[in-house]
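Student: Sequence:
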Amino acid sequence: MGIFGALTTAVTGLRAQSFALERISDNIANSQTTGYKRSDASFADFVPDSPSRQQALGVVNAFSRPTNTIQGDIANSEVPTHIAVNGDGYFIIANQTDTIDGLPVFGSEDLYTRRGDFEFDQNGYLVNAAGYFLKGLPIDPVTGNPSGSSPTVIRVSNDFLPASPTTEIDYRANLANYPLTASANATIPGSELIDPADFSVDPTVGGAGYVQANESSLFIDQSIAGGAITAFDQAGASVNVQYRWAKTDGPVTRATTAGTAVANAADLTAGMGGTYNDGTNTSDTLTITVGGTGYNFVIGTGGGEVNTLADLVNAINGTATLNAVITASAVGGGLTITGDDYANSFTIGGDADAVAGLGLTANTFAPGASTADTWNLFYLTDSNATGTDAAWRNVGTDYIFGANGQLSPAITTTTISSLTVNGINLGNITLDHGSQGITQFADSNGVAKVTDINQDGFAAGELVGITVSEEGRVVASYTNGRAVDLAEISLASFNGDGGLQKTDGGAFRSTPASGAPILGSLGSVVGSALEGSNTDIADEFTKLIVTQQAYAANTRIISTADEMIQEALNMIR
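The numbering of the sequence shown is this note's numbering, which starts it at 1 and goes up by one.
Note that these hints are calculated values from the structure, not bench results. One or more of the hints may lead you astray.
Said to hold, decoys possible - Computed cross-link-like contacts, DMTMM-like style, restricted to lysine to aspartate or glutamate with a CA-CA straight-line distance of at most 20 Å: (1) K502 <-> E109; (2) K543 <-> D170; (3) K502 <-> D121.
What the hints assert, rightly or not - Listed next, with one range per pair, are the computed distances between beta-carbon atoms: (4) K502 <-> P48: 31 to 37 Å; (5) S469 <-> V546: 43 to 49 Å; (6) D202 <-> N422: 21 to 27 Å.
This one's a predicted model, so the numbers in the text were calculated from it and none came from an experiment. C-beta: ideal position from N, C-alpha, C; glycine also.
Use the sequences and the hints to build the structure in full.
Tutor: And the structure:
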């Protein structure tokens with residue numbers, strides 16, 4: 001080819017460096033464009049097919065080399081709907097092709113971009129600054145999982161979030177094994193327990209027990225607070241559900257025969273043989289005679305009856321002529337009746353001489369199976385109740401604890417039938433305690449320590465904001481405090497990223513060279529953030545210098561070839 005071949009090759013070199021300069025110019029111009037991917041210039045030589053010893057020089061050609069897999073810097077944004085892809089993947093977008101009745105019509109072809117400056121338009125669509133609409137998978141409101149497998153254009157409605165009634169309350173707490181109620185007195189056994197005989201209606205009867213309004217103060221004194229939760233009815237009206245715990249008592253059992261006068265310690269022991277059954281034989285009477293004076297405590301259903309251990313203690317201690325826990329002065333001795341952990345018989349103590357001097361008519365009392373670690377849960381059904389109206393209701397479940405502080409039998413859930421508070425009926429509510437959610441361990445404060453109390457209902461709410469979560473979900477926030485996942489932003493990846501075809505606005509189109517899109521890429525979505533251009537200005541300036549020098553060198557080849565041709569022409573003058 002000779003001189004003319006060199007001239008032709010140099011011209012292709014100029015063309016190639018011009019192409020490189022075009023790439024550099026485009027990169028520098030878009031150094032601040034969100035999600036922009038620079039294009040570098042690569043060169044390839046072309047040579048004619050000829051024997052190696054006679055092979056002529058070829059020409060150079062330039063082509064664009066994309067950098068789609070090189071990530072730009074991710075910067076925070078104050079706009080909650082701005083998003084960036086960290087890692088591999090592209091947002092799936094749609095292009096508007098028409099408008100009907102003020103709403104956009106979208107093309108059937110999916111496009112892809114790393115540009116994440118999306119904001120809501122007047123119709124509730126997420127649109128980026130280049131005019132592309134974001135696509136994703138809708139979230140099933142029941143399961144909370146993405147619905148379907150084909151991404152659709154995301155649109156957020158400005159409608160109210162409908163109210164949802166409370167159906168379940170998560171409740172977990174530890175109950176002090178010795179509740180410090182207002183009535184509790186460490187010197188009086190059983191004083192920490194609720195005493196059903198103090199109430200007109202037995203509040204401890206599961207499913208039917210309640211506390212009358214005129215006895216609420218007494219109930220408060222014999223129970224401990226159990227927390228409160230705001231619940232909602234079908235219309236979204238809120239009600240405050242308050243709970244209280246009361247520890248109940250085991251039964252006192254009935255004497256089989258009347259006692260005999262105690263003359264000495266041996267007679268005292270012999271007289272401790274019978275048992276009393278709870279609430280039976282209303283004519284039975286316990287008589288304790290001290291110093292010739294008899295003190296009668298009726299076992300039955302009338303006023304002043306002795307139905308439980310607490311009744312017995314309160315009745316004896318309430319006798320005007322006895323002090324504290326059944327004490328009496330007689331030859332320096334004392335008489336004491338105590339409950340042996342509410343599982344064994346009572347003991348009557350004092351030295352033999354002292355007891356003999358009291359002239360005591362006595363029997364033994366045993367409470368049968370221990371149920372002193374039984375609790376009842378109550379809720380405030382009517383804060384405005386008066387007189388004999390029900391103020392507090394028993395939820396209807398006995399919470400019985402073993403020696404290890406765990407429920408025995410275990411209770412994971414219980415249902416409050418037709419829970420009504422101040423006239424608002426919430427229907428049947430499930431109390432979910434989970435596994436070992438209610439325990440009875442020692443607590444120096446003597447309280448019910450609620451560790452978790454939540455419910456699943458809410459009032460209606462108005463949309464106040466949209467954000468993108470770390471999981472790549474579009475989340476709507478409402479005035480009622482609810483956050484609802486609306487859609488999951490879909491990402492697509494390609495086996496051949498370099499084969500994607502560039503279109504306007506930082507978008508790409510799939511080609512046979514890129515392969516089909518693969519949904520569910522390894523990248524993650526970052527909310528309130530934007531990916532910048534991956535252009536490096538310093539690097540581009542360096543390439544600019546090299547390109548300029550290469551271009552100048554090719555011009556020298558052309559000028560030299562021209563001079564040589566002129567010399568050849570001058571030979572014929």
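Student: Between K502 and P48, does the beta-carbon spacing fit 31 to 37 Å?
Tutor: holds, 32 Å
Student: If you draw a straight line from the CA of K502 to the CA of E109, is it 20 Å or shorter?
Tutor: holds, 14 Å
Student: Taking only the CA atoms, is the gap from K502 to D121 under or equal to 20 Å?
Tutor: It is violated: about 25 Å lies between the C-alpha atoms, which goes past 20 Å.
Student: Does D170 lie within 20 Å of K543 when you go C-alpha to C-alpha?
Tutor: violated, 65 Å
Student: Lying within 21 to 27 Å: is that true of the beta-carbon distance D202 to N422?
Tutor: Given range 21 to 27 Å: holds, Cβ gap about 24 Å.
Student: Is the gap between the beta carbons of S469 and V546 within 43 to 49 Å?
Tutor: holds, 46 Å
Comparing the model with each earlier hint shows violations of hints 2 and 3; every other hint is respected.
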